[in-house]
Amino acid sequence: MSVELKFVRESELEAWERCAQQYQYAYAFIRLGEAGEERAWINSFGELALERHAEHRALFVFFSDLEISIVTKILDQNVRALSKDAAALEVIVGAWFRSAEDKLEHLVLGSEASTVEVESVPVQKSQMESDFFNTTTQSESVEYRALYETTLKQFSHALRAAATESETVEAAENVYACIQAMLNVAAQHGFLKLFLYLQDALGVASEALVENEQFDYNVIEKLRDFLTYTKALVSAALTEGGETHVSLDSQVLFSTQSTASSAEEFRHSSVETQRSFEKRLARLAGYLRIDVQSFKDFGKDNALSERGDDAAERFEATFARLERHTNELQSLMSDFYSVNLNDLLSQSANGTVFSRATALLPFCCEIEGDRVCVPSIAVQPLQKCIDFLIQFLNRLPDSFNFAHLIEEPLRFSLRRSAVDFSISVAHSNGSEHWQMFARLLREHLKHESSDSRLVLIGQPSSGLLLKFPVDLSISQNLLVESAGECVALSVRTLVETGRVDLQRVQKIGSKRFVPFRDGVIPLHSLSQALSFNSSRKSNALRDFAEHEKFVSQSKWLDFVIAKVSNELIAFEVDEVFGQREMVVRDLNKIIPRFSGLLGVSVLDDERVSLVVDVSQLLTSDELRRGEYARKAS
Amino acid sequence: MLEKLHNQTNELKGAVGFDECLNSEVVQYIRYCVGLQDLLIRIDSIVQVSGAGRITTFPGNHQYLRGLIVTRGDEVTPVVNLAEILGLTSQKTADHQCCLVVAIGDERFGLLVDSVEGLLPIEATLVEHSHNDLFGGGVSVVSGVFKDSESVFPIIDVKAIFQMVFSGENRYEHTAH
Numbered sequence: 013m014s015v016e017l018k019f020v021r022e023s024e025l026e027a028w029e030r031c032a033q034q035y036q037y038a039y040a041f042i043r044l045g046e047a048g049e050e051r052a053w054i055n056s057f058g059e060l061a062l063e064r065h066a067e068h069r070a071l072f073v074f075f076s077d078l079e080i081s082i083v084t085k086i087l088d089q090n091v092r093a094l095s096k097d098a099a100a101l102e103v104i105v106g107a108w109f110r111s112a113e114d115k116l117e118h119l120v121l122g123s124e125a126s127t128v129e130v131e132s133v134p135v136q137k138s139q140m141e142s143d144f145f146n147t148t149t150q151s152e153s154v155e156y157r158a159l160y161e162t163t164l165k166q167f168s169h170a171l172r173a174a175a176t177e178s179e180t181v182e183a184a185e186n187v188y189a190c191i192q193a194m195l196n197v198a199a200q201h202g203f204l205k206l207f208l209y210l211q212d213a214l215g216v217a218s219e220a221l222v223e224n225e226q227f228d229y230n231v232i233e234k235l236r237d238f239l240t241y242t243k244a245l246v247s248a249a250l251t252e253g254g255e256t257h258v259s260l261d262s263q264v265l266f267s268t269q270s271t272a273s274s275a276e277e278f279r280h281s282s283v284e285t286q287r288s289f290e291k292r293l294a295r296l297a298g299y300l301r302i303d304v305q306s307f308k309d310f311g312k313d314n315a316l317s318e319r320g321d322d323a324a325e326r327f328e329a330t331f332a333r334l335e336r337h338t339n340e341l342q343s344l345m346s347d348f349y350s351v352n353l354n355d356l357l358s359q360s361a362n363g364t365v366f367s368r369a370t371a372l373l374p375f376c377c378e379i380e381g382d383r384v385c386v387p388s389i390a391v392q393p394l395q396k397c398i399d400f401l402i403q404f405l406n407r408l409p410d411s412f413n414f415a416h417l418i419e420e421p422l423r424f425s426l427r428r429s430a431v432d433f434s435i436s437v438a439h440s441n442g443s444e445h446w447q448m449f450a451r452l453l454r455e456h457l458k459h460e461s462s463d464s465r466l467v468l469i470g471q472p473s474s475g476l477l478l479k480f481p482v483d484l485s486i487s488q489n490l491l492v493e494s495a496g497e498c499v500a501l502s503v504r505t506l507v508e509t510g511r512v513d514l515q516r517v518q519k520i521g522s523k524r525f526v527p528f529r530d531g532v533i534p535l536h537s538l539s540q541a542l543s544f545n546s547s548r549k550s551n552a553l554r555d556f557a558e559h560e561k562f563v564s565q566s567k568w569l570d571f572v573i574a575k576v577s578n579e580l581i582a583f584e585v586d587e588v589f590g591q592r593e594m595v596v597r598d599l600n601k602i603i604p605r606f607s608g609l610l611g612v613s614v615l616d617d618e619r620v621s622l623v624v625d626v627s628q629l630l631t632s633d634e635l636r637r638g639e640y641a642r643k644a645s
Numbered sequence: 013m014l015e016k017l018h019n020q021t022n023e024l025k026g027a028v029g030f031d032e033c034l035n036s037e038v039v040q041y042i043r044y045c046v047g048l049q050d051l052l053i054r055i056d057s058i059v060q061v062s063g064a065g066r067i068t069t070f071p072g073n074h075q076y077l078r079g080l081i082v083t084r085g086d087e088v089t090p091v092v093n094l095a096e097i098l099g100l101t102s103q104k105t106a107d108h109q110c111c112l113v114v115a116i117g118d119e120r121f122g123l124l125v126d127s128v129e130g131l132l133p134i135e136a137t138l139v140e141h142s143h144n145d146l147f148g149g150g151v152s153v154v155s156g157v158f159k160d161s162e163s164v165f166p167i168i169d170v171k172a173i174f175q176m177v178f179s180g181e182n183r184y185e186h187t188a189h
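One line per chain: the protein sequences are W and V, in this order. The working numbering applies: residue 13 is where the first sequence begins, and numbers increase by one. The working numbering applies: residue 13 is where the second sequence begins, and numbers increase by one.
In case anyone wonders, no lab produced these hints; they're calculated from the structure. For each residue, glycine too, the CB sits at the ideal point set by N, CA and C. Don't take each hint at face value.
Unchecked claim - Derived contacts from chain V toward chain W, CB cut-off under 8 Å, selection only:
| id | residue |
| --- | --- |
| 1 | Ile81 |
| 2 | Val82 |
| 3 | Pro90 |
| 4 | Phe178 |
To be verified - Short derived list, chain V residues pointing at chain W, Cβ under 8 Å:
| id | residue |
| --- | --- |
| 5 | Gly72 |
| 6 | Leu80 |
| 7 | Arg84 |
| 8 | Val88 |
| 9 | Glu119 |
With the hints as extra help, turn the sequences into a complete structure.
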C-alpha cells in the first residue's frame, strides 16, 4: 500500500494520467486512500489535480473520503466533462453516495434525537450515533447537510446535461438510473427544490430514451413510483406537525416551529411541481400516441393482421403493449388531475340550487365516482361551466326532465385555448323536446355570455358543444417572424424546423415543396395562412413592400414542419428565433376569433405576439388544394 | 404634445372639476385629425391617449380592425382604423399616428388617428344632431356636428363604432374544424 502511494506521490502526474485512462485502477487507488491514514494528503492531492488536470479531475470524486467542500468544488467545475461520460457518472454517483449517505443518515438520526431530547423523552442512542454526536455539533450537522444538498445539486446539473446530450441508448439508460437514484435520495431527505429539479431531469432523460427509439416502457412504472413520491411528499409537507423532514435549501420547513409563510412557500412549490409534471406527462403521452399511430399505420400498410405469421404476432403483441402503456399513462394523468366535483359543486351552488346541481353529477362523471378528470388549468373554466349550467337548470320549468334528455355524460376535453363540454342527443327522445332544450340553452347562453365568454358550437341535431376559453396559461412556443410580425407557434404540433436553399424548393403548378428526409413535403406560407398580406393596408403597405424586397433577396428559406392530420406540412417563415416559455393570454372577448389563434402574449419589448397552432390554420380543403380561398378572398 | 394633453386632461378632471363641467352643460371634447378632417370625441369616453407604437397585425380579413397594441403595460387592446371607417386617407404612417383608447362599459379599444390637437369645450346646445350620413356610404358613426365660424367638426359616436367593428356576429368563431 505504502509503495503504491509513494509511487503516486513521486510521479503524480504520470500516475494520474494512467489512473484517468483506467477507471479500475483509479478505483483501486481510491480504495487505498479510503484506508484512512493519508486523508490530509488525499485532500491536497485532490486540489493539486484540480489545478493541473482539468480534463480528468472529475475522477477525483472517486475520493469519497475527500472533504465534501472539495467534492463540491470539483463537481462545480466539471459538470460539462461529467455529462459526456455517463458511465463514469454512474460510478461516481454510486461511490459517492455510499460514503456520503452513511454520514447523512447519522445526521438525520441526530436531528431527530436532539428534537426528542428537547421534549425530555429519553432516547436510546446507538453506539454509532453517540460517537457521531461526540464529535459533531448540531451546527456542523446543518452545515454538512447544506453541503450535501449543494453537492447533490451539482450532480443534478451534470445529470440533466448528460440526459440532454446522451446520444446512445446505453448513455441515456445510465443517466436515467442515476437520476432515479438521486430522486430517491432527495425524496428520502426532503430536499424539495432538488427533488423538483430532478423530476425535470428525469423527464428529460425519459425523452432522451424515447428519442433514441429504445423507449423503455417500464418508464411508465417508474413514473408511477415517482408520482407516488411526489404525492407522498406533498401530502406529508401539507400535514402540520414536525414529523416530516421536508426542507427547502437545507432548512427544515415542517417542524413544530414551521411558520405560515414557509408552509405557503412549500404549497407554491408543490403547485409548480404539479404543473411541471403535468407538462412532462403530456409530452410523454404525446410520444406514446405517436408510437401507437405509427404502429397502426405500419400494420395497415403491410397488412400484417391478415398474414397470421410470427411477424404478425409480434406486431400484435407490441401494439398491445403500446396501447396498454398509453392507457396506463392516461390513467396516471387522470389520477393526477382529478378534482372532486362535489367540492366544486358545493362552491358553486348554494341552498336550493344545489339540489339541481347534484342532478348534474351523473353527467359529469367520466371516471370513478364523483371525481372528474380535468387538468388543473381547466378547473376555473369547469367552475364557470358548472355555474352556468346550474343557472340554466334553474330556469328550466320543473316539468322539464333534463336527465332523460341526455344520452351520454357531459364530456370534457381540453385544448390549449379552451375546455370543451359536449352534450350529445339521446336518440330515443323526441327531437322536438331536444330542440326546445337547445333553444333554451342558446337563449340562456346569449343572455349570460357577455360575462362568462362561453361559446356554443354545433347543431341541435348533433348535440351541443360548449367552449370555455382558458384565461391564462403558460406554454412552450417557437418564436418566429413572418411578414414582419413576431408569431409564437405552439410546439405541440411542430415536428422540426429547417432551412433550405431556395433553389432546392420545387414548384409544381402553384404549389411548392421542400425536400425533407427522403422525400418532399408541401410548403405553405405562414403569412398567407394568417392572411397577413391582405390585412395589411395603407400605412403598413410600405413596410410590407420593404419586407418583401428583403425576403426576395434572401438565398435561404426558413420553415417549420407541423403535423397536420397525420401529414407533414412545412410553413415558410422569415426567421426562427427559438423556443420560449410564454404566458399566453386569452383574447380580449371583443376581439374576433380566428381559427388556429390560441391567444396572445406580450413580448419583452411590449409588442403583442400572436400565439398560433399551425395545425389548425388550414382546413382540410385547403390542405388538399393548397389554397387560401377562405381567408384570402 | 401628448404629455401636455394628458396633463390638461387630468387638470381638467381634477382641479377644475370635470363633473361640474358636465352639469353646466359645457362638454369637453378632444379635437383630433384624421387625414385633412378635424373631428371631435367626448372626453369622458377616452381612457388613454398614446402613440400608436408597434401595432401587431391581426390575422384574417377584418375591414376595420388594424391590429393589437399593448396599453398600460400589459393590456392587449384592439385598434380600429378610423380613417378606414370614415373613408378618409390618413396623412401619416403608423409610427407617427396616435391612438385614442376608448371604453364602452368594460370593453376597451383604440382609435387610430393622425394627430390630437387639444381640448375643445362646447356648450351642449351648440351641437347639432342627426348628421348620421355625413361621410356617405350609409356609415352612421357621427352622433352630431359642431360648427364654428371657420369649420365643421363631426363628433364621432364611439358606441356606433363599437357596434360596427365588434358586432355580435364577429365575436366568436362559429365553426369548428
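Taking the hints in turn, this is what the structure says about them:
no., hint, verdict
1, Ile81, "holds, 7 Å"
2, Val82, "holds, 5 Å"
3, Pro90, "holds, 5 Å"
4, Phe178, "holds, 4 Å"
5, Gly72, "holds, 5 Å"
6, Leu80, "holds, 4 Å"
7, Arg84, "violated, 11 Å"
8, Val88, "holds, 5 Å"
9, Glu119, "holds, 5 Å"
Checked against the numbered hints given earlier, this structure breaks only hint 7.
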